[in-house]
Amino acid sequence: MTSLAMTHARFQLIETARIPIALFGSAFFPAAAMLAFVVPFVGSNAEYATAATASMVTFSVMSTNLFQYGVGVSEDRAQPWDPYVRTLPAGAGPRFAGRVMAGLTLMLVSLLPVILIAAFLTEATVTMTAFLVALATTVVIAIPFILMGLAIGYSMPQKAAVVVAQLLFFPLAFLGGLMTGPGMAPGFVEDLAPYLPTGGAARLMWAAVSDFPYDFSSIAALAGWTITLGWVAVWAYRRDEGRRFS
Amino acid sequence: MILARTEDVTRRYGDKLALDGVSFEVEAGELVGLLGPNGAGKSTLVNLLTGIRRPTSGRVELLGGDPRRPENRRHLGVTPQETGLPASLRVGEVVDFVSAHYDDPLPKGELLDRFGLTDLVRRQTGGLSGGEKRRVAVALAFVGRPRIVFLDEPTTGLDVQARRFLWDGIRSFSAEGGTVVLTSHYLEEIEALARRVVVIGGGRVLADDTVDAVRGLVAVHRVSLTLSDALPELAGVASVERDGDRLHVLTPDADRLVRDLVAHEVPFRGLEVRPTSLEEAFLTITEDRTPAAA
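Here the protein sequences line up with chains D and R, keeping their order.
In this text, residue positions in the first sequence follow the numbering used here: the first is 1, and each later residue adds one.
In this text, residue positions in the second sequence follow the numbering used here: the first is 1, and each later residue adds one.
What the hints contain is simulated information worked out from the structure, not anything from laboratory work.
Careful: at least some of the hints might be erroneous.
SDA-like, lysine to any residue: derived pairs with alpha carbons at most 20 Å apart [to be verified]:
1) Lys159(D) / Ala236(D)
2) Lys108(R) / Phe11(D)
3) Lys108(R) / Arg147(R)
4) Lys108(R) / Asp240(D)
5) Lys108(R) / Ser3(D)
6) Lys16(R) / Asp240(D)
7) Lys108(R) / Lys16(R)
8) Lys16(R) / Pro55(R)
9) Lys108(R) / Val85(D)
10) Lys108(R) / Thr7(D)
11) Lys159(D) / Ala78(D)
12) Lys108(R) / Glu93(R)
Here chain D stands alone, though its shape is the one from the complex (with noise of 0.2 Å):
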């Protein structure tokens, strides 16, 4: 099985390569947007600029899966493709798996601009250790919302998807106090961040990189709507039927 999920995880790769703009654009608005906002206003203060490229890469961690998932496992849904290969002898674990790897692969390459961008161009900075523990927590953040998007991709049709997708990620941005350093969001974001997926995975990160201390109750938060997150997109993956109308 899980040489299956690798098979399931190269062919998406190779996918993707083939349309190089795809991975361009993934890569090209978190690297956009370090530069017209963080390496302006806060890229001389270190403090400053590493918790705002932890923000940053909240941020990209939740908007590429959600989109990559949301609106692609929605795409290849409609695709004649899709329903051949649920005639072959495997359930939904290697896809999943597979699509999983496949997408933390392209997300960290997505994520390389923003901290190059982070490092040459602002104060921020981190120690070698701090910089590894980023990068297991970002893996691990990535979960919750891979598996968002693959609630929204199993369970509505592209277009719908594409609308959800963007309603829901700029209200889980605002309020997961991703907009606003640590400690500086509006009293009510301030209280409710924590326990939204946003707010908790950003929490995370500003912990691995700076001494902003490890918060247990939004931890359970997080770990929550992981599981939770992940019981929708089995349940929705088991009741898709593909295409409605055929």
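Please build the complex by placing chain R on the supplied structure of chain D, with the hints as guidance.
Frame of chain D, contents of chain R only:
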């Protein structure tokens, strides 16, 4: 031994009834054709048997179990729609991808050779011609050394040579004991391969018989003639439609009808005999068999 079976299966999409109480069985080694016009319920039946969809009610069984469970699909082969091959992947890559799902797949070289695809192995599927895509699609059904394959219109639209080549491939699979379910809305394609034909229309099994018997059932001709009088009572007339003084008569035996018209000295003009489409033939069968159908 029965490899595939539905028992009183009904499938709805919203308030549309796609299959209505269908019971159907395929024995090991059979070569069965599923014949019906578009929208008759063929695809739905195949989708249920291959585990893509679940029935609204009734029971579906494939290779001894529920086709929605992956382990019951280990010896199943299905053709994808040739329009759906992943455009950016090469032919060889698509074969590798499908092979990875089976315990004991056919070696790639052997499969490509058997379906005449060896020269196409490096080509991206998006750049293949319609006929080449069709050959790739049919080949994919055989990757996993299946015991039963479902082929959807495998040779429609191919040139004569490519068609014969695929027919030979399907026949040799059958001769080695493989089971084939072929769907088509062309009787010709099914006649060339199948011994048994299941005719599906309006979500029901209308006939389940030998090719010869079904040919008689669906080989309806339309005889058109100009006649101002009424048509005398003649045997073998399925339906009569009047358009001004032009009459359109549907009949399973056009030769006999014409002989009868002459024998009765009917003063017709402008005689025209045409084979009907399967859709038209089905209208007559459906009217005969399900008089109360909505």
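Taking the hints in turn, this is what the structure says about them:
no.	hint	result
1	Lys159(D) / Ala236(D)	holds (17 Å)
2	Lys108(R) / Phe11(D)	holds (17 Å)
3	Lys108(R) / Arg147(R)	holds (18 Å)
4	Lys108(R) / Asp240(D)	violated (32 Å)
5	Lys108(R) / Ser3(D)	holds (18 Å)
6	Lys16(R) / Asp240(D)	holds (19 Å)
7	Lys108(R) / Lys16(R)	violated (42 Å)
8	Lys16(R) / Pro55(R)	holds (13 Å)
9	Lys108(R) / Val85(D)	holds (19 Å)
10	Lys108(R) / Thr7(D)	holds (16 Å)
11	Lys159(D) / Ala78(D)	holds (11 Å)
12	Lys108(R) / Glu93(R)	holds (10 Å)
Checked against the numbered hints given earlier, this structure breaks hints 4 and 7; the rest are met.
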